[in-house]
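Please build the complete structure, drawing on both the sequences and the hints.
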Amino acid sequence: MPYRLSPFLVLLLCLSACSDSHWHPDPASSDAKTLKIAVFGSTAGDEQSYNASAQAAKLAQDNDDVKALQGYVTIEQREDAESLAQAVDDARRIRDDPDVLAVVGHSYSGTTRAALPIYEQAGIPVMMPTATSPYVMYKFDEHGAWPNFSELENREAPYPRFRNAFRLIPSDVPSQVEAIEATTRKSLKLKPEEEPNPQPDSAEPAKRPRIMLVCDVTKRNGANVYTQPICQSLLRDSTGHSIAKYIARYREYDVDTVDVWAMVTEIHAVMRSETSKQIVFVGYPELARMLLEELTERSNPVSDNMKSYTFIMSEACLSNELLQFGATLYVTSPFNRSRVEQCLPQLKQIEHDKNVVLSAEGYAYDAIVILAKAANQCKTKNQLGRECVLDYLQLNGDNLPGKCESYWIGNGERKAAPYYVYANCGGELKQTGEVGTEHEIYEKWSCQQSAR
Amino acid sequence: MKSGPASKALDKYWRHGFVLELVVLDCVVLLICAFDVFRFWLGGHAFSAAVGVAVEKLREGQGAAVTAAVLLFFVVGLPMIVALIASLPAIHERWPKLFLPRSGEVVATHLLFSILVASFTAIAIAMEVLAGYENNEGLKYGFRSSWLGIVFLGQPLWASYISPIIRKFFIRLPHEKEPLSKVAKEIITEEPLESQHVA
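Same order as they appear, the protein sequences are chains A and B.
Just add 22 to wherever you are in the first sequence, counting from 1, and you've got this note's numbering.
Just add 3 to wherever you are in the second sequence, counting from 1, and you've got this note's numbering.
Because the hints were derived from the structure by calculation, they are not lab data.
Among the hints, a few may not be true.
[As the list claims (entries may be wrong)] With a straight-line Cα cutoff of 20 Å, these simulated DMTMM-like cross-link-like pairs (lysine to aspartate or glutamate) come out:
1. A:80 with A:375
2. B:143 with A:104
3. A:58 with A:98
4. A:376 with A:409
5. A:58 with A:48
6. A:241 with A:276
7. B:143 with A:409
8. A:437 with A:450
9. A:211 with A:456
10. A:211 with A:296
11. A:55 with B:140
12. A:370 with A:427
13. A:437 with A:200
14. A:241 with A:274
15. A:401 with B:59
16. A:267 with A:296
17. A:425 with A:104
18. A:58 with A:456
19. A:241 with A:104
20. A:267 with A:462
21. A:58 with A:84
22. A:58 with B:63
23. A:403 with B:140
24. A:466 with A:456
25. A:89 with B:140
26. B:143 with A:53
27. B:143 with A:48
Next up, the structure:
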């Protein structure tokens with residue numbers, strides 16, 4: 023009689039033996055002993071190989087809330103992807119890793135947009151210290167035609183949001199767009215809702231200044247995800263603060279396919295008659311550097327002077343390296359350097375030694391602190407897991423205290439956050455002004471005060 | 004072939020296991036699966052995400068072994084158990100109307116349910132992984148599938164006793180001229196490790 027059971031036993035044992043320990047690790051025999059908060063940071067584009075998020079993660083180890091999690095949760099720093107494909111691979115690895123409690127990152131809007139749907143599958147809370155594009159927060163088919171950003175919040179056909187995404191940094195639209203517009207108007211010496219250089223008694227009408235708008239639409243690193251909503255907004259002449267009517271030429275360039283010579287030739291042609299050559303650049307430093315290098319190289323043959331150029335750049339270009347070309351530079355940024363220096367004084371020395379502009383350190387640090395507070399509360403309830411952390415972030419969105427500031431996050435978006443303007447102060451980019459609610463720039467820090 | 008010994012054995016030990024009660028058993032298993040899905044949904048997770056991830060992982064070969072094993076168990080093993088139970092004199096004499104062999108619809112329904120249950124096994128693995136660990140006095144999955152718990156129940160048996168015997172059975176069987184019953188008896192009564200080299 024026993025032999026009759028043999029085939030059945032074979033199957034039963036095959037069944038019981040077939041557990042896939044790699045894909046479905048048994049917690050008891052897993053290498054993991056604690057949960058992890060994965061902090062993504064990037065050194066790409068920084069000649070000093072400085073990584074703001076990694077620095078914040080290092081400093082956060084000494085925070086009391088983080089220390090209280092010892093033995094339960096660890097902070098793990100990871101190198102960020104520089105391409106969308108790599109970001110998707112990284113996100114899949116995180117999703118398949120059951121000991122990841124939450125993610126801080128990614129560094130770019132494009133990579134964050136690519137990774138978020140994958141994190142959502144596993145309900146992993148994502149705190150975003152640097153991704154600013156409005157596209158990041160919405161679900162839509164990224165392989166199809168992308169919606170116009172103004173359609174995203176259309177009440178009749180709203181695009182759903184990722185419920186696991188929380189942005190500490192204000193969205194580009196409207197915050198950064200308003201900051202760029204205000205900075206450009208200031209640079210052009212325009213007042214809000216006013217034509218340039220009003221000369222009512224003059225017989226000849228005032229000449230309208232011409233600016234050029236350059237948009238980085240590199241697909242490899244997802245720059246287009248970041249820049250397109252900003253550029254589309256800047257081109258829309260919808261408010262009295264708009265600069266659309268002054269944009270003489272709008273060009274989109276992909277770093278991987280751009281003909282830099284042709285790009286600069288076009289700038290020369292457009293700006294030929296302008297005494298002050300204003301260029302609004304929306305994109306990443308890689309393209310900005312290429313453009314500035316070529317402009318500098320060709321300034322002599324065409325009797326051009328780099329000092330006659332004024333660049334108003336988006337926050338991703340907050341880098342001292344771009345000052346070496348001699349052009350006047352304004353960078354709009356949501357990063358409050360003076361506040362970060364106050365709450366994390368250890369960074370002053372690093373800032374000095376590495377010649378970097380403090381940027382995402384405060385937000386990344388606060389993201390870790392907020393997650394640590396959430397994890398501590400979940401631990402006291404014996405529910406330390408992703409679901410509990412997600413619930414904490416959603417329930418306490420109106421007041422999420424970090425170390426550097428408190429955050430009001432509604433629907434995943436940061437509310438009521440100011441924007442700042444950085445300018446060249448003694449060879450370094452320094453925070454000089456704050457963009458007010460009336461689209462005015464208030465000079466709160468003089469170059470002398472902010473320069474060392 | 005119909006009157007051959009292999010066909011007779013198949014009838015006796017497998018085809019006779021396709022009874023109405025087998026479909027009832029399938030339904031019970033599917034109910035357990037449905038309960039798992041409900042609990043997963045209550046936890047704030049999307050079942051569709053687990054399905055998508057399970058398909059993605061199956062394409063990469065992850066979880067394919069256990070899925071195939073469950074399918075084999077349901078298609079081959081379960082009817083065998085039922086056929087065995089049905090042939091027990093106590094059952095046969097006491098409830099003669101129970102375990103009546105069926106064909107056609109019952110077979111098709113069982114096969115369909117088997118595929119569903121096997122697919123759900125792969126999905127249940129994805130559900131557990133997607134829910135992630137919780138760390139409350141030690142790591143454990145934030146969501147634990149009841150069905151997957153049943154599937155993995157037999158794991159300790161494999162490691163401790165039976166697997167060497169089964170391995171020997173398959174290694175020795177092709178070389179033996181003795182009847183199947185004799186080989187099986189001999190193998191089961193042997194010391195498991197020593198005889199492996201003999202084979």
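The hints, checked one at a time:
In summary, the hint linking residue 80 (chain A) to residue 375 (chain A) is supported, as the alpha carbons are separated by about 17 Å, within the 20 Å threshold. For the proposed pair residue 143 (chain B) and residue 104 (chain A), the alpha carbon gap of about 34 Å is over 20 Å, so the pair is violated. In summary, the hint linking residue 58 (chain A) to residue 98 (chain A) is supported, as the alpha carbons are separated by about 6 Å, within the 20 Å threshold. Simply put, residue 376 (chain A) and residue 409 (chain A) have alpha-carbon atoms about 40 Å apart, too far for the 20 Å limit, and the pair is violated.
Proximity of residue 58 (chain A) to residue 48 (chain A) is assessed by CA-CA distance (about 17 Å); at most 20 Å being required, the pair is judged to hold. Taking the CA atoms of residue 241 (chain A) and residue 276 (chain A), the gap is near 7 Å; set against the 20 Å cutoff, the hint holds. Only pairs whose Cα atoms come within 20 Å are accepted, and residue 143 (chain B) paired with residue 409 (chain A) is accepted, the gap being roughly 14 Å. As the CA atoms of residue 437 (chain A) and residue 450 (chain A) are separated by approximately 30 Å, the hinted pair breaks the 20 Å bound.
Distance restraint check for residue 211 (chain A) and residue 456 (chain A): the Cα-Cα separation of roughly 17 Å lies within the 20 Å cut-off, and the hinted pair is therefore satisfied. This hinted pair checks out: residue 211 (chain A) and residue 296 (chain A) have alpha carbons roughly 14 Å apart, not beyond 20 Å. Taking the CA atoms of residue 55 (chain A) and residue 140 (chain B), the gap is about 11 Å. The hint holds against a cut of 20 Å. The suggested pairing of residue 370 (chain A) with residue 427 (chain A) holds, with an alpha-carbon distance near 18 Å, which does not exceed 20 Å.
The hinted pair formed by residue 437 (chain A) and residue 200 (chain A) meets the criterion: a straight-line CA distance of about 15 Å does not exceed 20 Å. Using a Cα cut-off of 20 Å, the hinted pair residue 241 (chain A) and residue 274 (chain A) holds, with the two alpha carbons roughly 12 Å apart. Between residue 401 (chain A) and residue 59 (chain B) the CA atoms are separated by roughly 33 Å; this puts the pair beyond 20 Å, and the hint is violated. Between residue 267 (chain A) and residue 296 (chain A) the CA atoms are separated by roughly 16 Å; this keeps the pair inside 20 Å, and the hint holds.
For the proposed pair residue 425 (chain A) and residue 104 (chain A), the alpha carbon gap of about 29 Å is over 20 Å, so the pair is violated. Only pairs whose Cα atoms come within 20 Å are accepted, and residue 58 (chain A) paired with residue 456 (chain A) is rejected, the gap being roughly 37 Å. For the given pair, residue 241 (chain A) sits about 11 Å from residue 104 (chain A) by alpha-carbon distance, which is consistent with the 20 Å threshold. Only pairs whose Cα atoms come within 20 Å are accepted, and residue 267 (chain A) paired with residue 462 (chain A) is accepted, the gap being roughly 19 Å.
Distance check on the hinted pair: residue 58 (chain A) and residue 84 (chain A) sit about 16 Å apart at the alpha-carbon level, within 20 Å; holds. At most 20 Å may separate the alpha-carbon atoms for a hinted pair to count; residue 58 (chain A) and residue 63 (chain B) exceed this at roughly 26 Å. Taken as a hint, the residue 403 (chain A) and residue 140 (chain B) pair is honoured in the structure, with Cα atoms around 12 Å apart against an allowance of 20 Å. Pair hint residue 466 (chain A) plus residue 456 (chain A) holds up; C-alpha atoms about 7 Å apart against a cutoff of 20 Å.
For the proposed pair residue 89 (chain A) and residue 140 (chain B), the alpha carbon gap of about 18 Å is at most 20 Å, so the pair holds. Only pairs whose Cα atoms come within 20 Å are accepted, and residue 143 (chain B) paired with residue 53 (chain A) is accepted, the gap being roughly 13 Å. Restraint check for residue 143 (chain B) and residue 48 (chain A): satisfied, since their Cα atoms lie roughly 8 Å apart, inside the 20 Å limit.
The earlier numbered hints that this structure contradicts are 2, 4, 8, 15, 17, 18 and 22.
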